[in-house]
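Undergrad: Chain by chain, the residues run as shown.
There are 2 protein chains.
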Amino acid sequence: MYKNRKAIVLLSGGLDSTTAMAIAKSEGYEIYALTFYYGQLHKFEIDSAKQIAKSFSVKKHNLIDIDLKTFGSSALTSDIDVPKDRLIDNNNNEIPITYVPARNTIFLSFALAWAEVLPAYDIFIGVNSVDYSGYPDCRPEFITAFEKLANIATKIGVESSERITIHTPLSQMTKSEIIKLGMSLGIDYALTHSCYDPNSIGKPCGHCDACILRLQGFEQVGIEDPLNYQK
Amino acid sequence: MYKNRKAIVLLSGGLDSTTAMAIAKSEGYEIYALTFYYGQLHKFEIDSAKQIAKSFSVKKHNLIDIDLKTFGSSALTSDIDVPKDRLIDNNNNEIPITYVPARNTIFLSFALAWAEVLPAYDIFIGVNSVDYSGYPDCRPEFITAFEKLANIATKIGVESSERITIHTPLSQMTKSEIIKLGMSLGIDYALTHSCYDPNSIGKPCGHCDACILRLQGFEQVGIEDPLNYQK
Numbered sequence: 001m002y003k004n005r006k007a008i009v010l011l012s013g014g015l016d017s018t019t020a021m022a023i024a025k026s027e028g029y030e031i032y033a034l035t036f037y038y039g040q041l042h043k044f045e046i047d048s049a050k051q052i053a054k055s056f057s058v059k060k061h062n063l064i065d066i067d068l069k070t071f072g073s074s075a076l077t078s079d080i081d082v083p084k085d086r087l088i089d090n091n092n093n094e095i096p097i098t099y100v101p102a103r104n105t106i107f108l109s110f111a112l113a114w115a116e117v118l119p120a121y122d123i124f125i126g127v128n129s130v131d132y133s134g135y136p137d138c139r140p141e142f143i144t145a146f147e148k149l150a151n152i153a154t155k156i157g158v159e160s161s162e163r164i165t166i167h168t169p170l171s172q173m174t175k176s177e178i179i180k181l182g183m184s185l186g187i188d189y190a191l192t193h194s195c196y197d198p199n200s201i202g203k204p205c206g207h208c209d210a211c212i213l214r215l216q217g218f219e220q221v222g223i224e225d226p227l228n229y230q231k
Numbered sequence: 232m233y234k235n236r237k238a239i240v241l242l243s244g245g246l247d248s249t250t251a252m253a254i255a256k257s258e259g260y261e262i263y264a265l266t267f268y269y270g271q272l273h274k275f276e277i278d279s280a281k282q283i284a285k286s287f288s289v290k291k292h293n294l295i296d297i298d299l300k301t302f303g304s305s306a307l308t309s310d311i312d313v314p315k316d317r318l319i320d321n322n323n324n325e326i327p328i329t330y331v332p333a334r335n336t337i338f339l340s341f342a343l344a345w346a347e348v349l350p351a352y353d354i355f356i357g358v359n360s361v362d363y364s365g366y367p368d369c370r371p372e373f374i375t376a377f378e379k380l381a382n383i384a385t386k387i388g389v390e391s392s393e394r395i396t397i398h399t400p401l402s403q404m405t406k407s408e409i410i411k412l413g414m415s416l417g418i419d420y421a422l423t424h425s426c427y428d429p430n431s432i433g434k435p436c437g438h439c440d441a442c443i444l445r446l447q448g449f450e451q452v453g454i455e456d457p458l459n460y461q462k
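Chains as they are written, first to last, in the working numbering: chain G, 1 to 231; chain H, 232 to 462.
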């Protein structure tokens, strides 16, 4: 247990990042949650992130507004259609249109800035490389490269004897394993939001990659997803 | 000459980034300039960046608003006093209070997002590791680590046969060498802004690290800095 040791947790409001936060909390870290509004159309996840941060009694929740729409070119931030009922096959090495350019690099860079100031040497990110959409910035080699950069790029990396660590507790877990672990840690998944293309009142579509992976996970666990999907 | 090849140039509005842009332009690149308003007190440099981008007829100038003040803790973004008349000694390994946490990591991350979308494989940054303030994210090892990350983190890095390159043409040059080169490329340094602590109408102080390095550079070249300093 790392009592009173600070950890920054990237919290999107989704199932994975919420579980990563619960894991950090269960390990005794004091939680500093970081959420981004980056022009995503599924901004209901921001409301989820706020509720989740509150329910976890985080030490601080920082909401950062960055405009990735400026650069364009993702189905998550523009009017390109979100693909539905897609066969998710990570062996074909295809990166889908929902990929947001350099998103995790940007998110981790901000986390790093906050880490310097606190200071904190532990950053948690809920990336997963098993049941995922094939984004390059979710892979273990990306995390390794970022961790190396973090320790070169910063004053705390250079001056302190401690190393900055990027924790990816979900990296090698299936979605059902993530859900099972999260439930054992007391997460109320009804608070989380995963859908890329919710309707106007935030109801998930049930057919985008995020919904498919989530629903498959709950099915494998053998319990019902507490979210109320569009009919 | 790389005619019609796109390059993203990080343009602060200062002497170094302007020179880096002139070099990219002289090599034939089509310039996409990227400037950040990050809560810096010396925001006159933003006006300089706009004028400079215009004078270089860049293809596009993107101005990104990010709030690094949220995290606090730099003399450039808070009411901590900017040190004056400091002896700048890079051999003592001291990182000054004007260091902004993870700034270049964040800036390059945004550049990377834009690079993905254009796409562009060349990013120019005017970091210098000779006449500089000792910031960790100006060192060659930082740039090497970021370039490696860039090629792992992105769709273009993964899918294309081309490598993303972070160009640091000023890295090993002294300030006077930078100024000489810039003048030979036709830069009007009267447009640039370097001071960390200008007065209310933007006149440079002449005593912060940035002013000292700049003034020494012009002195070594044997010409007068065209800027109008505070008396």
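Hints may contain errors.
Unchecked claim - Some but not every residue of chain H turned toward chain G, in silico, with C-beta under 10 Å:
#1 L272
#2 P332
#3 L343
#4 V348
#5 L349
#6 D368
#7 E372
#8 F373
#9 A384
#10 T385
#11 V389
#12 E390
#13 S392
#14 T396
Worth flagging that the hints you see were computed from the coordinates, not collected in a lab.
Idealized CB from N, CA, C, for every residue including glycine.
Undergrad: Would you mind marking each hint as holding or not holding in the structure?
TA: The hints, checked one at a time:
Nearest Cβ of chain G to the Cβ of L272 of chain H: about 17 Å, over the 10 Å cut. The hint is violated. Restraint check, P332 of chain H versus chain G: the minimum CB separation of about 4 Å is within 10 Å; hint holds. Because the beta carbon of L343 of chain H sits about 4 Å from the nearest beta carbon in chain G, less than 10 Å, this interface hint is met. Because the smallest distance between the Cβ of V348 of chain H and any Cβ of chain G comes to about 4 Å, under 10 Å, the interface hint for this residue holds.
Evaluation of the L349 of chain H hint against chain G yields a held restraint, the C-beta minimum of about 8 Å falling below 10 Å. Residue-level restraint check for D368 of chain H holds (minimum Cβ-Cβ distance to chain G is 5 Å; threshold 10 Å). With a cut of 10 Å, the hint placing E372 of chain H at the interface with chain G holds, because the nearest CB-to-CB distance is about 5 Å. For the restraint placing F373 of chain H at the interface with chain G, the shortest Cβ-Cβ distance is roughly 5 Å, inside the 10 Å limit, so the hint holds.
Evaluation of the A384 of chain H hint against chain G yields a held restraint, the C-beta minimum of about 5 Å falling below 10 Å. A distance limit of 10 Å between C-beta atoms decides the matter here; for T385 of chain H the minimum to chain G is near 6 Å, and the interface restraint holds. For V389 of chain H, the interface hint holds, since its Cβ comes within 10 Å of a Cβ in chain G; the closest pair sits about 5 Å apart. Of the supplied interface hints, the one on E390 of chain H holds, with its beta-carbon coming within about 7 Å of a beta-carbon of chain G, less than 10 Å.
The beta carbon of S392 of chain H comes no nearer than 14 Å to any beta carbon in chain G, farther than 10 Å, and the hint placing it at the interface is violated. A distance limit of 10 Å between C-beta atoms decides the matter here; for T396 of chain H the minimum to chain G is near 16 Å, and the interface restraint is violated.
Violated hints, in rising order: 1, 13 and 14; the structure is consistent with all others.
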